[in-house]
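There are 2 protein chains.
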Amino acid sequence: MAKKTSASPEMEKMRHSCAHVLAQAVLQMFPEAKLGFGPAIENGFYYDFELPRTLIPEDLPLIEKKMKHIVKQNQKFKKYEKPIKESITFLDKINQDYKVEAANDLAKEGHDTIKFFENVDQKGQGTFVDMCEGPHLESTGKLGAYKLTHTAGAYWKGDEKRPMLQRIYGVCFATQKELDEHLKKLEEAKKRDHRKLGTELELFTFDEEVGAGLPLWLPKGAYIRHKIMEFAFNTYLANGYDPVCTPHIANVALWSHSGHLDFYGDSMYGSLTIDEEEYRLKPMNCPFHVKMYNNTTRSYRELPFRWTEMGTVYRYERSGTLHGLTRVRGFTQDDAHIICRPDQLKEELRKALDLTLFILKTFGFEDIEMNVSVRDPENKEKFIGDDKRWEQAEDTLKEVLEESGFKDYVYDIGGAVFYGPKIDVKVADSIGRMWQLSTIQFDFNLPERFGMTYVGEDGNDHVPYMIHRALLGSLERFMGVLIEHYGGAFPAWLAPTPIVFIPVAQTHEKYAEEIMEKFKKEGIRAEMYPATDTLGKRIRAAEMKKIPYMAVIGDKEVEGKSLAIRDYKTKKQNSYPAAKFLKQLEKEISQQQ
Amino acid sequence: MAKKTSASPEMEKMRHSCAHVLAQAVLQMFPEAKLGFGPAIENGFYYDFELPRTLIPEDLPLIEKKMKHIVKQNQKFKKYEKPIKESITFLDKINQDYKVEAANDLAKEGHDTIKFFENVDQKGQGTFVDMCEGPHLESTGKLGAYKLTHTAGAYWKGDEKRPMLQRIYGVCFATQKELDEHLKKLEEAKKRDHRKLGTELELFTFDEEVGAGLPLWLPKGAYIRHKIMEFAFNTYLANGYDPVCTPHIANVALWSHSGHLDFYGDSMYGSLTIDEEEYRLKPMNCPFHVKMYNNTTRSYRELPFRWTEMGTVYRYERSGTLHGLTRVRGFTQDDAHIICRPDQLKEELRKALDLTLFILKTFGFEDIEMNVSVRDPENKEKFIGDDKRWEQAEDTLKEVLEESGFKDYVYDIGGAVFYGPKIDVKVADSIGRMWQLSTIQFDFNLPERFGMTYVGEDGNDHVPYMIHRALLGSLERFMGVLIEHYGGAFPAWLAPTPIVFIPVAQTHEKYAEEIMEKFKKEGIRAEMYPATDTLGKRIRAAEMKKIPYMAVIGDKEVEGKSLAIRDYKTKKQNSYPAAKFLKQLEKEISQQQ
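Protein chains in written order, with the working numbering: chain A, 972 to 1564; chain B, 972 to 1564.
Because the hints were derived from the structure by calculation, they are not lab data.
Keep in mind that the hints are not guaranteed to be accurate.
Copies of the same chain look alike in the list, so a pair counts if it fits in one copy or across any two.
Dumping the calculated DSSO-like pairs for lysine-lysine here, alpha-carbon to alpha-carbon at most 27 Å [to be verified]:
(1) Lys1167 - Lys1517
(2) Lys1489 - Lys1558
(3) Lys1551 - Lys1489
(4) Lys1317 - Lys1558
(5) Lys1043 - Lys1053
(6) Lys1492 - Lys1332
(7) Lys1322 - Lys1489
(8) Lys1322 - Lys1491
All chains, full assembly: derive it from the sequences and hints.
Right under this line is the structure:
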């Protein structure tokens, strides 16, 4: 049972084969093991098992050793198909209960046969057979470089009410060099894990009594989040956006009118009652913005509207899928809706795209991938809104991207949401991982449902275009990505403490204090580590906190009115006149670099 | 039945007597009228009636005329007391059902007698008797100046399930001059009503499908709200506060632990369910801040913490009590908690008070009244926390106020909340009405419930002081007050559009556009009213929108690179070189004046 990944056909085969050999090795070690699913995944594979005991880290090298042995034997992968009834009898005979269930599921879906892969050794003898769609390599000898990385608990079929199996993860590459590089990257990613850094740098925390997936932003994290929000919001205002602000709850009447109850209900939290009426937490800001548009008659002269809101929305995520800041239950979107006339569409999309690039580049995201998702022309009935509008929207999206130099965008036919086409923007972080951040999305649903119109130059009512865009996406997720992107070492303009003053001895504290006050007066959030501890310990503490600049102050500095500055990023130390460094830091902060 | 107001004893008597005479007059007009309650209120009185028909505005002068007649007769108010049983029989006999119910209520509360006031005319004959606590004037001739102002529906006992009565409101003063001044002020207040201005200036709106008491901030209102929030928040950060940020919901476990479910449950909305656990919208931010404090061990060296959050909270208000922005169901507090050592208390309170004054003065609130609420020393058991802490807190509050020159603060013994003493700050708006805005409040409850401690210099655990402070209070309410305070004419630094350019004719548009772009480049949100309409109409439109500055541009201005500036506030027109006025406006905005 394997899902498809987007790898090259050869790598796809290798990952499936690795999973297969992993299962074979585990069965050698635990003959009573029951196999769950074992798909190929990004850069590797995993397999779920029911085992007689919990795995310990020391088990993985032993299993790897068994895999190596199988590889060495260069067993052939033999593919065959059996009628489904016979397959079930066979799987039952070898006591693979989960496979039996999976086969029964396939039978219910109407499949007549089941596919298997069997290993055949040099003597032509079968050594292991697994129910599997493949594809596989020719033989185990072709397996390339692989490594088992870690284990985790995983419910059978992802269902919390079914048994918990043990999942073994592995990575695999064509060459040892690629594998080594990947493992190094994994090691680097582990160091940058935002959950680990979030605790170490005191950025955020979670609390059981508050509830899962609901982050509490500690002062340093809240400061960074605030600076990002302030930067984004003020950038939007300076670019012709107007602010709006809406509540976090609304009567079910609104969610029923907007269609959210029907189409998005599973992601919405349950009702709360006020005066015998039901209210729901908002999963999106859109219907409120539409309500404000409809507050009065609108004229073609007033358009475009660009309405932005730092809107905190609440969406249900299963507890098992929650992950630090990148998957939470409540998050703030840097949301905006552009409401415009058809003749303004191209200009508005161009502006939205330019703004996206400016925002992303400010955070050092230079490697950007554009993804355009359009309607499936063969399945038009799955998408609402009239043909001409879809065509204008899709054509304009493509034109704008091409004219902005994004000729190699990914084009996903049929990938549009039912209510409109969209651009999703993916960025590569500093260690090359791709993250989907910004989105620019048409909405043909709400204007229709709420009867949004404007009076045209001809005196008649016309339906405006409505474009939803979020450039950071979720602030929480963006912060999670950013912590990993910067490895926790935020640039001075975002750092909660851009500079720390470290007097060598108590005698230097007075001068340090004086200089610090000058920095503070210019709005720089400086701190001092007084000489209550050894110099070495304080320097290490500042390093641990990843503070951009350390100003060490000894006799020489007091005498020369200077600062010995250690730069966290370059690890270099330089001496500056205090006033000069203050100016330099002020400039760095104000230029958001 | 009359509640006490805080007026002078003489005015108190006059208000009660006016209510009494009003009831007498109404009974003359509608002999079948049944009387409800008729208390004295701020600046006047009202009385509730069950009447055979709905009152129309024209009825009020007729009732006033009957009141005048009674006044002219100078009837004496005779006070007497009757045993309760006899009273009920009497009230029943005269068909005053509501009074009978009220008398029965008093009987249940253990009263033995009922007080009455009877009018006696010059011939010694009783003309009207009302069950009433008084106090009353000597006779109707002493009534002073009064006026019936308006009517409104009012449920008997404020209970939506009981009959709706008709309430007649009146105002009264010792002299006609005072009454006239008050009526003028009422007229002015009506013009400034934030609900009226909110619609006219497109600041905010409400929507039935969204729900009552949940404001939608339209672009112009949201801009002002954003500027106020930005100003306050950045002021706090510059004054040693750190930001924090917390979710809008939490598991009931938190609200149970904090005591909110027990002590504040009536103001909290009902539960919503996530994964079979109950969650509640937050009515306060405090427990989250406490959780963050308890996230790790705290040392005396780290204190004080000053944690601020623009926290949106949701509190239940009965639908009948909702009122524009000043009473809503969801609002944002400029909340902060100061957590400090006992030796830091005075300095922290002084700083908090200074900051309060700075914030209030920025909005032109100069007339400030301080209210200190302390424990009732006779009823200590009603208040939690230890004696010494209460004493230090109360003494420090008073000391700080006195040292800051507030020697005439209002002192309310017994007015403290059960969890700590407080300062409430009231301000007079531009037409002299008092509003309670800021609050600085001790909390002895949460530190105890959550076991908040810090490690002292002695190595032992100590309980910190926790002070809650909100200087604007609720942003929504503050905006409501501010709209009325400014009469909708916001100063340039808050105005959504500080300046509008009005070219006299189309030929002046190009120059107007050029100059406007220069203003916009400096971050000034300028607008242009192009010459599609008459000059007069456009000037009136800008007046209606209360835009601080109008720049009218004709031949003379184009020639001289100047601007003819009309100042909304002074109504004066002056000519400025364009560049000079740009500088002046920039300065005005940056200095928040």
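These are the hints, each one checked on the structure:
1. Lys1167 - Lys1517: within (14 Å within a copy, 53 Å between copies)
2. Lys1489 - Lys1558: Both: 15 Å inside a chain and 24 Å across chains, each within 27 Å.
3. Lys1551 - Lys1489: Within one copy, since 12 Å is at most 27 Å while 32 Å is not.
4. Lys1317 - Lys1558: Intra 36 Å, inter 38 Å, cutoff 27 Å: neither.
5. Lys1043 - Lys1053: neither (29 Å within a copy, 111 Å between copies)
6. Lys1492 - Lys1332: between (30 Å within a copy, 22 Å between copies)
7. Lys1322 - Lys1489: between (40 Å within a copy, 21 Å between copies)
8. Lys1322 - Lys1491: Cα proximity of Lys1322 and Lys1491: across copies only (18 Å, versus 37 Å in one copy).
Violated hints, listed in ascending order, are 4, 5; each of the other numbered hints is respected by the structure.
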